[in-house]
Amino acid sequence: MLTSKKQDTSQPLLTLTNVNLTIGERSLLESVDLELHRGEIVTVVGPNGAGKTTLLRVALGLQKPTSGSVSVASNVTIGYVPQKLHIDPTFPITVRRFLALAKAHNKHSFESLLNDVGAEHVIDSPLQNLSGGELQRVLMARALMRDPDILVLDEPVQGVDVHGQVELYDLISRVRTERGCAILMVSHDLHLVMASTDRVFCLNKHICCSGTPEVVVNDPAYTALFGPYAARHLAIYVHDKEHQHDHDHHECCGDEEHNHNG
Amino acid sequence: MDDFLLRALLGGLGVALVAGPFGSFVVWRRLAYFGDTLAHSALLGVALGFLLHINLTLGIFLICQMLAILLFVSQYQRQLASDTLLGIFSHGALSLGLVALAFMDNVRIDLVSYLFGDILAIGYSDLFWIYGAGGVALLGLIWIWKPLLSITIHEDLARVEGIPVDRINWLFLGLIALIVAIMMKVVGMLLVTALLIIPAATARRFANTPESMALIAMLIGAVSVGLGLLGSFQYDTPSGPTIVVAGCILFIGSILLPKRH
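Here the protein sequences line up with chains A and B, keeping their order.
According to our numbering, the first sequence is numbered sequentially starting from 1.
According to our numbering, the second sequence is numbered sequentially starting from 1001.
Please keep in mind that the hints were generated in silico from the structure rather than gathered at the bench.
All values derive from a computational prediction rather than experimental measurement.
Built from N, CA and C at the ideal position, the CB exists for glycine as well.
Some clues are possibly wrong.
Label-pair ranges, simulated between beta-carbon atoms [as the list claims (entries may be wrong)]:
hint, chain 1, residue 1, chain 2, residue 2, range
1, B, S1212, A, D33, 49 to 59 Å
2, B, E1211, A, S10, 21 to 31 Å
3, B, I1252, A, S67, 50 to 60 Å
4, B, I1069, A, S173, 25 to 35 Å
5, B, C1248, A, V166, 19 to 29 Å
6, B, W1145, A, G159, 31 to 41 Å
7, A, N18, B, A1102, 23 to 33 Å
8, A, N18, B, S1212, 43 to 53 Å
With the rest of the complex left out, here is chain B (with noise of 0.2 Å):
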């Protein structure tokens, strides 16, 4: 196998198991729209990152933990509902990446490459970052697991029995934030919420605990990968959107398939 298929491959599968259990959670507390938005600053992040020369994905992952804490913070406002707030925070995110990087005489990018991802020009770098930030990710979600589940069932009910529940939410969207950032470049900044909902979603027929579920999200995720991979290496399409797309074909055979009980 050739050098940059393997890495490829490693980025690939290290995404898609740290993907699934945060997907999980995606899925059960509705956080779709949320990690659309994180995903949708990661321009602004890139601009970020030519601008203070420092590595494009730290870069990422500091504009999208400032997202998430203003998230965080302006879901007390009652003013707008919170779906027209990820709305503006969306889109004005992404547009402002854009205009920055215009701005940047001597930057040019590979556009499709941020929005879409670029699985074969990852580097070993790239997997430092992901299995390293994914690690992290993964063992910090190992540690508050517990009471964010019971976070997910009714947080006033957590917050009566002593979770300390906002600690908890902000730790879990820094995460979140952070998994983002290192999903960029395997599927790019357009399809990282469907890395991370579709196995999950592909995983409930299967499930019957969240553990379980999580587990079968990241082994679906690595299958996904894996068919997207060679799907795009056979018929030379761009590899996020065949990773993509064999996720949603998985979907639909789980959908199909008959229930055993």
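The following block holds chain A by itself, in its conformation from the complex (with noise of 0.2 Å):
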């Protein structure tokens, strides 16, 4: 298509070498080494507070690392999908106009992008009133628009109930199928997320461990991050174990949790 080099997948499209970020007294970031491939999935999961959004903006030159560096093959093109708009109720905007607004290189149509996505009934609604999964599938369609290497989402299933996020993750996992681009994305759910990925990141400030999702629900790493009770939540998905505390995992994992049992 355009390089030889766009074709080579043992070459990763970004890299991110020992990356520090301390902003004022706070380290956000602590030696963060992570490779993106093409056509895989990477998933950074990590407690709130972690770094995890951190992460993104360096991945996407939106903020310059204290050290280390990060770099992007050439000819990559970056799409992002952010986790929300705050779009002011006054401004009248259309979801059809905020897809013209993209610096489009696609001649498919909006109807057809958006039929892609399945967000096609939204076509003509003001952009404030689209619920988090039509507002997700309408920011990836933009984001498709620019042909991307890379598709980085930050939280894409964050407010959108248990069916549609197994719907949304089906469908970032299509576009890796159809596309064949590398998805880098961030979340603080466990479970649902550890089937869709190929690489699993858990961050807090470093990177504690990676691996597969199976090597990384394995690792003791894990468990000291999220805390029995998360881990054990996720384990009824791969052991069956007895599950009794109905505790909502996210309460769980916190650095509080990790210091109890760290």
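Join these two chains into a complex; the hints should help.
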């Protein structure tokens, strides 16, 4: 298509090498290494405040790291799917106009594009009226207009019900298969995301552990990070262990929990 | 029609036409307080104008630009919330302007006309400023229109898509500072923001695209100026506040109108 480099799957599309970020006195990221290859889905999980979104911002070039390097292979286009938009209600903008604002290299009509992501029914809706799931689909359509090599998603299923979450992860997997682009996403959801990802990075300022979902789930660092409740919560999907604590895993994955266990 | 009335009408209409599109962005991006802060620095600009013996509108423009730059740079600090910072700049600049003018023994200004505008005193040089600077500001806004819409939707998304966000924001704030300087004459420093946001807020009900909202805001601003001038002439009320009252009446009317669909 474009260059031979673009077709080379052994060369990472995006490389973070020993990235550190300190703002004021606070250390947000500590010696983070990450590689993203063509066609793979990489998910960064971690408790709130672990620096997940910060890591994405560094990867996107929106935030300069204090030290370390971020390199993107040549001719690589990045599509970004933010978690939300904060648009004032007085701003009259429909989905169609929103898509038209993108610098499109893509000849597909907006209708077929929205059809691809399952959001064709909202084409003339004001952007502010969309549900969380619809907005994610529209944002994905906008990102796909740029024919990205890398799609970066920030908590794509936040605020979406479980059924919608499964559908969104399916859509993300399909985008990877059909377009062959690499996907880098962030999630604090643990179980659903594991099913649809190739590699997982557990982040708590530094990378605690990484690998395929099976490897990561059995890593002691993973249990230490998310606490035994969350780990067991996840474990029912894997080992079918006895599960009696009616705990929301989100509550168990704070730093405090980590300290109690550590 | 008397000559001064014609000049007042022409000046008022010129300002309303510029205020429509800029006011729309001020509403969309929630910059009302920012506009206020720039306007409040105008007295400092007047003092500068007297000090340097330059055109007072030019003095106001220079001070507004300096303040816009200062505000832009200080948004990167994280110690103070932005509205606290704007409040400090806003009232600090207003007070500093009054104090600076008090130090100038040979300068006597009509404070009320700076605070609330003096549209009937618009001269030909003011018209030149309004249409010259206003035209430049509108052309500038049209030039950055599309990227500015993208930035309004999501700044980081715009950045990732390769839009030079900082440069566009700089330019936009600079243009706002320019139009604040020319709007001073018509509605005064305390009411500049009103003429920016009230017509835009009124236009929202009738608009379904950003462009139509900007155009309708221009129209509503022009009608407010016309009605305000008429009212001010009829009832012998101060012109700037009467224009704003006319705008408010139109706004309330737009809320009361039943929705079309």
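Verification of the supplied hints:
1. Taking the beta carbon of each, S1212/B and D33/A are about 50 Å apart, inside 49 to 59 Å as hinted.
2. Taking the beta carbon of each, E1211/B and S10/A are about 49 Å apart, not inside 21 to 31 Å as hinted.
3. Separated by about 57 Å at the C-beta atoms, I1252/B and S67/A satisfy the suggested range of 50 to 60 Å.
4. The hinted window of 25 to 35 Å between I1069/B and S173/A is violated, with their beta carbons roughly 48 Å apart.
5. Between C1248/B and V166/A the CB atoms are about 51 Å apart, so this pair departs from the stated range of 19 to 29 Å.
6. W1145/B and G159/A have their C-beta atoms about 32 Å apart, which keeps the hinted 31 to 41 Å range intact.
7. For N18/A paired with A1102/B, a C-beta distance near 59 Å fails the hint of 23 to 33 Å.
8. Hint check: N18/A to S1212/B, Cβ distance near 51 Å, so the stated range 43 to 53 Å holds.
Going through the hint list in order, the structure does not satisfy hints 2, 4, 5 and 7.
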